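Going line by line, the protein sequences match chains A and B.
Offset between the first sequence (1-based) and the numbering used here: plus 25.
Offset between the second sequence (1-based) and the numbering used here: plus 14.
Keep in mind the hints are simulated off the structure, nothing from the lab.
Every value quoted in this text rests on a predicted model; they were computed, and no experiment measured them.
Please note that the accuracy of each hint is not assured.
Just so you have them, the derived chain B footprint on chain A, three or more residues with Cβ under 8 Å [unchecked claim]:
id, segment
1, 175-182
2, 266-279
From the derived model, a few chain A residues whose C-beta atoms are all more than 10 Å from chain B [claimed, not checked]:
id, residue
3, P64
4, M73
5, T76
6, L100
7, F140
8, G141
9, V190
10, V195
11, G234
12, R293
13, M296
Beta carbons: idealized from backbone N, C-alpha and C, even for Gly.
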Amino acid sequence: MTSIEHGRAGHPTTRVGTAFEIEAPSPRAIRRQRALTHPGFLFGATVMLLTILVAVFAPLLTTYDPFAQDLTQRLIPPAWTAKGSWAHLLGTDGLGRDYLTRLIYGSRISLIVGFGAAAIAALVGGSLGLIGGYFGGRIDGLVMYFVNVKLAMPGVLVALSLISVFGGSVPVVVGVLGFLFWDRFAVVTRSVTQQIRVNDYVTAAEAVGASRLRIILGEILPNVMNHIIVIASLEMASAILVEAALSFLGLGIRPPTPSWGLMISEGRNFMFFEPYLVAIPGVAIFILVIAINMLGDGIRDITAPEGRN
Amino acid sequence: MIRFLVHRTMIAVLVALTVSIIGFALLRLSGDLASALAGDTAKPEQIAQTAHLYGLDRPLYIQYVDWAGKALRGDLGRSLFSNEPVSFLIGQRIGVTVQLSFMSLVFALAIAIPLGVLAATKPNSWLDRLALGLSVFGQAMPNFWFGLILIIVFGVVLRWLPISGSDHFANFILPTITLGTAIMPAIMRLTRTGMLDALDSDYIRMARAKGLSTGAVLFKHALRNAILPVVSLSAVSLGLLLGGSVIVESVFALNGIGFLAFQSILRTDFPVVQSIVVFVSFAYIGLTLLSDVINAYLDPRIRIG
Chain A
26 MTSIEHGRAG
36 HPTTRVGTAF
46 EIEAPSPRAI
56 RRQRALTHPG
66 FLFGATVMLL
76 TILVAVFAPL
86 LTTYDPFAQD
96 LTQRLIPPAW
106 TAKGSWAHLL
116 GTDGLGRDYL
126 TRLIYGSRIS
136 LIVGFGAAAI
146 AALVGGSLGL
156 IGGYFGGRID
166 GLVMYFVNVK
176 LAMPGVLVAL
186 SLISVFGGSV
196 PVVVGVLGFL
206 FWDRFAVVTR
216 SVTQQIRVND
226 YVTAAEAVGA
236 SRLRIILGEI
246 LPNVMNHIIV
256 IASLEMASAI
266 LVEAALSFLG
276 LGIRPPTPSW
286 GLMISEGRNF
296 MFFEPYLVAI
306 PGVAIFILVI
316 AINMLGDGIR
326 DITAPEGRN
Chain B
15 MIRFLVHRTM
25 IAVLVALTVS
35 IIGFALLRLS
45 GDLASALAGD
55 TAKPEQIAQT
65 AHLYGLDRPL
75 YIQYVDWAGK
85 ALRGDLGRSL
95 FSNEPVSFLI
105 GQRIGVTVQL
115 SFMSLVFALA
125 IAIPLGVLAA
135 TKPNSWLDRL
145 ALGLSVFGQA
155 MPNFWFGLIL
165 IIVFGVVLRW
175 LPISGSDHFA
185 NFILPTITLG
195 TAIMPAIMRL
205 TRTGMLDALD
215 SDYIRMARAK
225 GLSTGAVLFK
235 HALRNAILPV
245 VSLSAVSLGL
255 LLGGSVIVES
265 VFALNGIGFL
275 AFQSILRTDF
285 PVVQSIVVFV
295 SFAYIGLTLL
305 SDVINAYLDP
315 RIRIG
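Bound-form chain B, shown alone (with noise of 0.2 Å):
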């Protein structure tokens, strides 16, 4: 167990450090910082003068360790926009994400994992047809335009909820129906392909002969071993959710880190681009070194492997 932690944690650093100086150099290929921060109006002399000031004019690889021993201390540069700090931008924003997040995954599960269940219970029932093509509808359901028809229909015809803004809960309605729909094909299938081969199994067959009821056997037996890769999933989607965010943030104008990316890419604000994806890349190296030492605890073929 702990030669599996170990391990996988050094690969997990490796592939943060690695992600840090990718997300440093699109702060790079995007241009002349120094002619950015220096603004429009600047002469040769000044924008030298700017690049030194900020120590643009050290070679790369000094400036990168510079950079990320500040990160690191949770200093992450300012905005070019408003010239606030990126940590706290990002600071005032990432509650909503998390939630927007939290709350898509919570009702991506708690459709897929009863509809995989009961689809793998009876295959080629209707039911089974049923939880399919809601799984084919929502992988081909561009994510975007389902809002906007949320917003059409549930905002502008029914007027029941709210169309943009972050402030209440019922803002949160609609962008998670939305983003939910997004990633519970996924979980449904696996759902399902881990029930049908659970179901399939000794155990399972055992657990019926000694008269076990139907419920026991579907949720404590077999659910119990097809769910080990659900968990992964779960945490992967989180991640991707994360991330995966900003077009619906913008769709819904909610005021998440998604939206803030958005804006300053359009602003070509680097630094707070450059933050978040690093910050996203962190918490989804992070989210699924968690969820691979849950499946080594639950799961002894795996740390032992």
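Next up, chain A with everything else stripped away, as it sits in the complex (with noise of 0.2 Å):
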């Protein structure tokens, strides 16, 4: 009796009959397979890889301040033009401030911004959803109007007031924004949460005695997290477009702080002449949107159990 060995190191193997042991690759082992050939997630996990590193990094990326003004130097353009200067890549703003340093910092804002808002409407919306889904009845009805309050308002006009009030720093922009986009997590984790609650492993948690927050935060939520982190990162890309959208009225983060939005917004002044400050950042903000996005459809193409196209 010889067996036929394929199993590597690190994964179960079946034992059937004595004669064979088949490899059964293990759940991790066909996400990272998936992974590795999906080119969408491949291109999106680079992209906000790499711009997590320029973020952190960003002081020993350039030489230049991003707030050092220098009126000798202004509207330089890239260096690619004819008038351009290799001294500033891509070239200088309407107050002389190095363009490439003031994007390079950009990123952080975006970054904060995105995560921060993804963050706060993930424990919001997907708080709400748990309770909603796992009670149902009132509970749920409860849930599901304060939805269709949330949905009937004009999110980004509320914003705009809210912001307008509380003034446009880093936190409030955040925090606001965060209660702009928990809608969905709140609709997705509610009807997960009912599939999942009729579940075998739930009922038995509850014969046993397992205390209603064990059950919903033990058995439920990690079943949910899955969706979440897809919609996560949906909602971070809109986060990251409309921070840029209520800075550049105006209303968002405040001058002189490096948002790409309002460096949008800079920039239209000058725009009918020095079109690149223009269309930099939105470039900018344009890649980091498609990457997330990327990112998300890949991780939701990954974690689905049939696998998709």
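Dock the two chains into a complex; use the hints.
In structure tokens form, the structure reads like this:
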């Protein structure tokens, strides 16, 4: 009797009869395999990682100060144009600040706002969805009523008014945007929770007397987490777009903080003569948002039970 | 059907009531209304006098009932900035916003539905990829930035179209493209998914088997079923457009209620902001109610279930 060994270290093997050992790849191995062959996921993850590195190591990447004005060096176009200079790769803005430096530091604002707002929204919406989906009945009705009220309010308008009242600091913007994007978390978490609640392992946990909190956090939440992560990535992209729009309108991040939306707003005064001032930060937002969306779609494909194309 | 209608309308009224309370709270949150009304140089006695004159010294819930009662009769108060009635200001500009919203929705539907149908008929073809690419593009594009780029290209470089104002039809073209591009991806994806599901069903195989032309199968049989969720999404999108045109109207200086809301926020003219928030919410609630009724009428599963 020979046994055929296909299993590599770390992979569980299943013994069928006594003659063969058939390898059954672990869920983690399947996911890793799917991730490495998913172009959208790879692109999204790479851009995201690079942006995080740029944001963290911003001071090491540039010799300029993002706030330092030099009026003798105003409106220098990017280096590849005729009047450009290699001292300022992406040129300078209307106050003579190095544009690349402001772009690099601006990534910090976008990432902080994106992560912060998505985290708050996930916490608020996820909790409501779990509670509504698990308890059902009147409590569920109440949750859906909150969602309906939220959906009926014009979000951007309310965000603009709140920020104009509380002032345009980073924490205020993060908080306001967090409360702008929780509805989708609530809706999806609720419907997934409703599906999971009827499973045998939840009934079993109830039977052995586990507390409701323990069932929600220990049995249901881990199964909802994939969905929450996918929505978080999509809402993070939305939050970055809305932050840019609010800052562009002058009711988001306050100058002189380098935010990409604010840079477009400041460049708008010169856009007929120096369109690069508007184009460059816009392209940066566009690429980051595309990457986050692709990352989110990728995670959804990779974690979906049957895998998708 | 009657039970469904009554239930759905009750929820809508309840939501509308809550929204109006939040809208009212928004105004109070914005700071001391009496001192804003009395002016910067007012003395404390004058502020107290103003508060009494406008009834701002009464309990909040009485003020709310008073405000809501007047609002129901069309009296939304006066602008702190221009002292004109808010209902007059909104009435003056709502036409522009409604026109922009409808044009954007039509633009989005005109691209999204044919593209979604064609993409679904040939999954993973170049057409499907093009549709997917367009939807990724539309979703990731910062709206206001896309507007600016359109201004630079079509208004400044090519000089084909005007870049601001709201007097002529031509003024609406660039804003329509900007807003339409933003709402197009969701409609396209929904059409595509709906069509994929419909095309996979037995009644389509039946329709094909009895020898109907491809066009008749696609547009008469499949699209009819796939379009139901698109109807709901269109109603929701229209509601979002009414409130979400703030940014685009500001970029193109279109004189609609979004631009009015933006200017009023900058001037801390909160009676106007509050009225627009409540007005847009009510429009959204009305539109979604309407779409639910249409869907229930079209689809018996909804009104019974």
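Evaluation of the provided hints:
1. 175-182: The restraint on the segment 175-182 of chain A holds, since 7 of its residues have a Cβ under 8 Å from chain B and three suffice.
2. 266-279: Result for this restraint: holds, n = 7.
3. P64: 12 Å, holds
4. M73: 13 Å, holds
5. T76: 14 Å, holds
6. L100: Nearest chain B Cβ is 16 Å from L100(A), so the label holds.
7. F140: F140(A) clear of chain B: closest Cβ-Cβ about 18 Å, beyond 10 Å.
8. G141: Non-interface label stands for G141(A): nearest chain B Cβ at 19 Å, farther than 10 Å.
9. V190: Since the minimum Cβ distance to chain B is about 5 Å, V190(A) lies within 10 Å and the statement is violated.
10. V195: With a cut-off of 10 Å, V195(A) remains clear of chain B, as the shortest Cβ separation is near 19 Å.
11. G234: 35 Å, holds
12. R293: 7 Å, violated
13. M296: Given a closest Cβ separation of 6 Å, the condition is violated.
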